[in-house]
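*Asks:* Listed below are the residues making up each chain.
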Amino acid sequence: MQNNDKNAAVIRVMLAKIGLDGHDRGIKVVARALRDAGMDVVYTGLHRTPEEVVDAAIQEDVDILGISLLSGAHMHIFPKVLELLKDKEAEDMIVAGGGVIPDDDVKELYQMGVHKILLQDTPPQEIIDSFRQMVADRGAR
Amino acid sequence: MINRIPSMKLAERVREGHLRAIARLITRVESGGDAEVREALAELYKATGNAHVVGITGVPGAGKSTLVTQLVHEYRASGRKVGVVAIDPSSPYSGGAILGDRIRMGDLVSDPGVFIRSMATRGTLGGLARPALDAVDLLDAGGFDVVLIETVGVGQDEVDIVRAAHTTVVVNAPGLGDDIQAIKAGVLEIADVHVVSKADRPDANKTIQELKAMLMMSLEPGEGIWRVPVVPTSSEKHSGFKELMAAIDRHAEHLEKSGEITQRRHQIALTRVVKVAEEIVRDNFARDSRSQTEELLKKVTQRELDPHGAAVTLLKAMKETIHEAH
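Sequence lines, in order, name chains A and B.
Going by the numbering used here, 122 is the number at position 103 of the first sequence; the sequence numbering is gapless.
Going by the numbering used here, 183 is the number at position 147 of the second sequence; the sequence numbering is gapless.
Keep in mind that the hints were calculated from the coordinates and are not lab data.
Backbone N, C-alpha and C fix where the C-beta goes; we use that ideal spot for every residue, glycine too.
Hints are supplied without guarantee of correctness; some may be wrong.
[As the list claims (entries may be wrong)] Computed, partial: chain A to chain B, Cβ under 10 angstroms:
no., residue
1, 47
2, 54
3, 60
4, 61
5, 68
6, 80
7, 111
8, 115
9, 118
10, 121
11, 122
12, 124
[To be verified] Chain B residues, not near chain A, derived (Cβ > 10 angstroms throughout):
no., residue
13, 45
14, 63
15, 113
16, 250
17, 279
18, 301
19, 345
Go ahead and model the full structure; you've got the sequences and the hints to work with.
*Replies:* Now the structure itself:
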């Protein structure tokens with residue numbers, strides 16, 4: 020997956036851990052897979068607040084904000100992130116979620132406006148493909 | 037599909053210090069930047085030249101990101117707006133990058149007087165990609181008083197930063213005695229300010245003394261010459277960062293007073309122009325590679341023509357067709 024054409028926009032992704040959730044092995048594997056697929060990946064580190072993450076994502080102007088949650092707080096954190104993005108007129112940012120999330124909640128999160136939920140058993144290639152697809156569907160910005 | 041805001045419109049918002057506009061224009065210059073984007077950048081360039089640009093460099097693990105974080109706090113306390121361009125290496129294989137400086141700078145966001153952008157080297161020669169310098173311009177035009185460029189870890193790359201910054205800070209960590217010897221000829225020479233980080237460690241004094249001894253050797257006699265200071269810092273003890281900011285301010289003052297600022301600005305302009313010219317040539321080369329370049333390369337491989345002769349032929353031909361869009 021060589022990406023030598025510097026005129027082709029490189030996909031920028033922020034991977035974030037929000038709140039009291041110290042499980043970061045998965046997100047690091049995803050970060051590495053996305054990098055190996057030629058994307059620029061900004062990793063926030065652990066224990067961030069939704070405000071910190073949204074502000075950072077706006078400054079980094081990422082195509083996709085990916086949030087990994089294994090703490091069970093997803094129904095609180097995703098609405099907060101979406102609301103902040105709306106407040107800051109950054110609704111064009113694609114929001115993706117990953118981790119351990121029950122099926123019923125997944126449905127509800129999609130209704131809220133989360134673009135993609137990729138659960139813990141998603142193969143890396145599927146994550147890469149779906150990220151590329153979402154950015155292609157969104158178009159040039 | 038989303039509604040694409042024209043770059044000129046974004047440029048207006050950049051002048052108002054609108055962070056999102058700055059962020060979006062950086063993305064556009066980073067992904068190539070067509071004529072529409074270049075036009076906006078050209079307009080904004082007129083409004084630059086007010087920010088003091090500080091390059092922060094040093095060996096990997098010396099504590100550059102931590103130092104930048106602390107330094108930003110000091111600048112904020114002194115009432116100045118600070119932009120940070122943090123550069124990480126791209127993978128030479130995939131072209132992708134993991135930009136990790138945010139991990140240490142987490143507590144700096146949610147302050148409209150601070151803007152942090154992570155950028156990848158994207159395999160550029162010199163480690164300082166052209167878009168990084170465009171990003172500095174955008175922050176400058178956006179009213180940031182100070183712009184810090186945090187470079188990738190040490191190497192030959194680092195010399196680039198001197199040609200793009202007003203003040204270069206080299207971060208040294210204690211306990212790297214051998215490394216200091218190894219890089220003596222390169223990175224240590226470029227410093228306007230030396231920092232010894234992790235100064236709370238017992239071996240820090242030795243590093244400080246070594247640096248001072250080395251600087252003594254290169255001291256020229258005379259008035260009005262900048263004496264490179266060695267500033268110990270410790271993020272553990274929250275000490276030294278105010279002194280570091282003061283040292284950078286003193287250097288800025290020195291540049292103004294001595295008139296050296298004129299040379300620095302000239303050097304920066306030269307670096308910028310050459311970088312862009314190189315890039316245009318490289319792009320044209322890549323674009324033409326199917327036609328005449330192929331022919332020339334064949335001659336070079338068959339020893340009918342030497343590389344220098346081929347390059348001159350190519351440049352002469354390129355003169356007619358140079359593709360300016362950048």
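*Asks:* For residue 63/B, is the shortest CB-to-CB distance to chain A above 10 angstroms, so the non-interface label stands?
*Replies:* 4 angstroms, violated
*Asks:* Grab the minimum C-beta distance from residue 111/A to chain B and call the hint holds if it beats 10 angstroms, violated otherwise.
*Replies:* Hint holds; residue 111/A Cβ to chain B Cβ min 5 angstroms, cut 10 angstroms.
*Asks:* Going by Cβ atoms, does residue 250/B stay more than 10 angstroms from chain A at every point?
*Replies:* 36 angstroms, holds
*Asks:* Could you check if residue 68/A really has its C-beta closer than 10 angstroms to a C-beta on chain B?
*Replies:* 8 angstroms, holds
*Asks:* Verify this label for me: residue 279/B is non-interface relative to chain A, using a Cβ-Cβ cutoff of 10 angstroms.
*Replies:* 28 angstroms, holds
*Asks:* Can the hint on residue 47/A be confirmed by a CB-to-CB distance to chain B that is less than 10 angstroms?
*Replies:* 9 angstroms, holds
*Asks:* Hint check: is the beta carbon of residue 80/A less than 10 angstroms from a beta carbon of chain B?
*Replies:* Since the shortest Cβ distance to chain B is 4 angstroms, the answer is holds.
*Asks:* Using 10 angstroms as the Cβ threshold, decide whether residue 122/A counts as touching chain B.
*Replies:* This hint is violated: residue 122/A lies away from chain B, its Cβ roughly 30 angstroms from the closest one there, beyond 10 angstroms.
*Asks:* Once the shortest beta carbon distance from residue 61/A to chain B is found, is it less than 10 angstroms?
*Replies:* Hint holds; residue 61/A Cβ to chain B Cβ min 5 angstroms, cut 10 angstroms.
*Asks:* With d taken as the least Cβ-Cβ distance between residue 301/B and chain A, does d exceed 10 angstroms?
*Replies:* 28 angstroms, holds
*Asks:* Should the interface hint for residue 115/A be scored as holding, given a Cβ-Cβ cut-off of 10 angstroms against chain B?
*Replies:* Check failed: Cβ of residue 115/A comes no nearer than 17 angstroms to chain B, outside 10 angstroms.
*Asks:* Is it correct that the beta-carbon of residue 113/B has no partner in chain A closer than or equal to 10 angstroms?
*Replies:* 20 angstroms, holds
Hint compliance for this structure: hints 8, 9, 10, 11, 12, 14 are broken, all remaining hints hold.
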